[in-house]
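> Assemble the complex: chain R is given as a structure, and chain F must be docked to it using the hints.
So the chains spell out like this:
Protein chains: 2
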Amino acid sequence: MSSIKDVASLAGVAVGTVSRVINNIGSVKPHTRDKVLAAIEQLNYVPNEVARNFKMQKSKMVALLLPSIWHPFFSELAYYIEDELDRHGFKLMLCNSGGKPEKELYYFDMLLQNKVAGVVGITYNHIEDEVSADIPLVSIDRHFAKAITCVTSDNYEGGRIALRELLKAGAKKPAFLGSRPVVYSDTMQRKEGFVHEAALHGIDPIVYEGPDKCLDDAGFYRAFLEEHADADGLFAITDMAAAMFIEAAKTVGRRVPEDVKVIGYDGIQDHPYFHPVLSTIRQPVEEMARTAVKLLLKKIDGDHVGQETVRIPVQFRPGETT
Amino acid sequence: MSSIKDVASLAGVAVGTVSRVINNIGSVKPHTRDKVLAAIEQLNYVPNEVARNFKMQKSKMVALLLPSIWHPFFSELAYYIEDELDRHGFKLMLCNSGGKPEKELYYFDMLLQNKVAGVVGITYNHIEDEVSADIPLVSIDRHFAKAITCVTSDNYEGGRIALRELLKAGAKKPAFLGSRPVVYSDTMQRKEGFVHEAALHGIDPIVYEGPDKCLDDAGFYRAFLEEHADADGLFAITDMAAAMFIEAAKTVGRRVPEDVKVIGYDGIQDHPYFHPVLSTIRQPVEEMARTAVKLLLKKIDGDHVGQETVRIPVQFRPGETT
Chain R
1 MSSIKDVASL AGVAVGTVSR VINNIGSVKP HTRDKVLAAI EQLNYVPNEV
51 ARNFKMQKSK MVALLLPSIW HPFFSELAYY IEDELDRHGF KLMLCNSGGK
101 PEKELYYFDM LLQNKVAGVV GITYNHIEDE VSADIPLVSI DRHFAKAITC
151 VTSDNYEGGR IALRELLKAG AKKPAFLGSR PVVYSDTMQR KEGFVHEAAL
201 HGIDPIVYEG PDKCLDDAGF YRAFLEEHAD ADGLFAITDM AAAMFIEAAK
251 TVGRRVPEDV KVIGYDGIQD HPYFHPVLST IRQPVEEMAR TAVKLLLKKI
301 DGDHVGQETV RIPVQFRPGE TT
Chain F
1 MSSIKDVASL AGVAVGTVSR VINNIGSVKP HTRDKVLAAI EQLNYVPNEV
51 ARNFKMQKSK MVALLLPSIW HPFFSELAYY IEDELDRHGF KLMLCNSGGK
101 PEKELYYFDM LLQNKVAGVV GITYNHIEDE VSADIPLVSI DRHFAKAITC
151 VTSDNYEGGR IALRELLKAG AKKPAFLGSR PVVYSDTMQR KEGFVHEAAL
201 HGIDPIVYEG PDKCLDDAGF YRAFLEEHAD ADGLFAITDM AAAMFIEAAK
251 TVGRRVPEDV KVIGYDGIQD HPYFHPVLST IRQPVEEMAR TAVKLLLKKI
301 DGDHVGQETV RIPVQFRPGE TT
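Those protein sequences? They're chains R and F, same order as listed. Per our numbering, residue 1 is the first one in the first sequence, and the count goes up by one each step. Per our numbering, residue 1 is the first one in the second sequence, and the count goes up by one each step.
Mixed in with the good hints there might be a few duds.
Identical copies carry no separate label here, and so any pair may be met within one copy or between two of them.
What the hints assert, rightly or not - Below, simulated EDC-like cross-link-like pairs (lysine to aspartate or glutamate); rule was C-alpha separation at most 16 Å, straight line:
{"no.": "1", "residue 1": "LYS173", "residue 2": "GLU258"}
{"no.": "2", "residue 1": "LYS60", "residue 2": "ASP83"}
{"no.": "3", "residue 1": "LYS100", "residue 2": "ASP86"}
{"no.": "4", "residue 1": "LYS103", "residue 2": "ASP86"}
Derived from the structure by calculation, the hints contain no laboratory data. If you're wondering where the values come from, they're calculated on a predicted model, not measured in any experiment.
Just chain R, same shape as in the assembly:
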């Protein structure tokens, strides 16, 4: 059977020109148009093939679902995800889905319609029931109960490292400060690692947690400072929480690191020009991004991806707060 290339070659035009004639779009000179139609007739070319090939063409687009690109951790992640996709000839579609499950589901629909080849997602919405387990989806940080491949930093190990670093810096009364998310997330392992490591050192650490969103509220940190004036080491579940704690501590005259050592989690500070430069457990963002993309491309190719949760090792990055 003749192909569109045969038609183009016989007519002495580009494939795009043949396509424009067939689909009656764009401008084609009458003379050229006649040449193309003659070639189509001569070769008995069936233009309907064009439609089929077009539809069958695998999408080279991957959707990235993030709560918000306007956050240093997510924008760094998106940077490396786009870079890795680009290396493999894929394009990135970006969706800020924060708090909008219907927006996320729209992208899963596109996946079903073959308009995107796969989805990389950090979702904190309850979309689990709507998503099938066997689609090309790789989750970051967030576990689904279903067997969806997930890439995270080694949150548990990060918690253990934080505890040891606080002790090394001289803390005797270490505390964990965090929130209880609405849906299960691997980030909850930060507390687990911290508490278990403390037990190994014969320490019963303070665990201070509020409901979802408590970390955005300055009052939460002041309440902690009032209730636990004796805490001399703090592991905050994120860098932002660490920074907000330090501001609150200032207002009650507690100095960091003199009176209380502080370690965050994320490593959102790229430059040492804004202070305090936080001591933190640095997320291996680049490796997480590239790993997630590689796993996704395997899934898109139909390969079996065995490991359900891939945990990338983390490191402590000392700053000015320990």
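Chain F only, in chain R's frame:
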């Protein structure tokens, strides 16, 4: 002429099912398939229409070209661009193009192939000769010599405001610190506004500029401090440059704001938890983003977009450095 909807309705199936049968993709039960084929025959439906409609379908995708999403100004911009596109039913494709003109040109090719409906771009590459002036393209910050619609903050006015704020804070010897970009950019107007406003006050300000990339080099700031020890007010072309200057000033014992007042440009700090909180000319990022999208959608619709450069007003945001 019958439509695919008529076929679907007669066969008692969804349009998607008809499409799957026509294009021979996905799984359709044999019984359903027969019903669809019977309906096609009965209605004398020409499936080739499907191909045409599919091809004629306008892309609902807009490409965003940025040097790097991993930068607070660009990620905020991308956040609002995606949000505004979403309100109009468009999706965002993201491209980190920093220093890679061939990557940008790829997206312009997609535009010509109708795979994206338009492009919003911040480009610092020399791609001008390759891009036609009448495509749906809106540029941010960067002027092309060609009449391409550009949205910027009011850089000139920002420079004037910065000069006045430095004087108000008590500076007698104001200085401008910046770099000379390789291609013309509207950001160069920051210096112009600063210098012209100074002239109105009878002041001849220090203008200190290095070649492209000088702002990344700590040595550049130290050289300025050595040569202009008498400067007591500084307008830095970006917040990052302001922050790097402040670090360099510390090392030679010059205090901010006591010895030298500093104003940046951008407003990259979203939270007051990291210090110094810069006094800055805040870019109206949300309005720039929404304006750029609205202008682009007009161009996509074929409307005439008259104004070549749209300048959005800026404001001074006081911080800890003036």
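> Each hint should be assessed against the structure and marked as holding or not.
Comparing the hints with the structure gives:
In this assembly of identical chains, LYS173 and GLU258 lie within 16 Å of each other by CA distance solely inside one copy; the values are 14 Å within and 39 Å between copies. For the homomeric pair LYS60 and ASP83, the shortest alpha-carbon distance inside one copy (14 Å) is at most 16 Å, but the shortest distance between copies (23 Å) is not. Within a single copy, LYS100 and ASP86 get their C-alpha atoms only as close as 28 Å, which misses the 16 Å cut-off; across copies the closest is 12 Å, which meets it. In the homo-oligomer, the alpha carbons of LYS103 and ASP86 lie at most 16 Å apart only across protomers (9 Å), although the nearest pairing inside one protomer, at 24 Å, exceeds that limit.
Violated hints for the displayed structure: none, as all numbered hints are satisfied.
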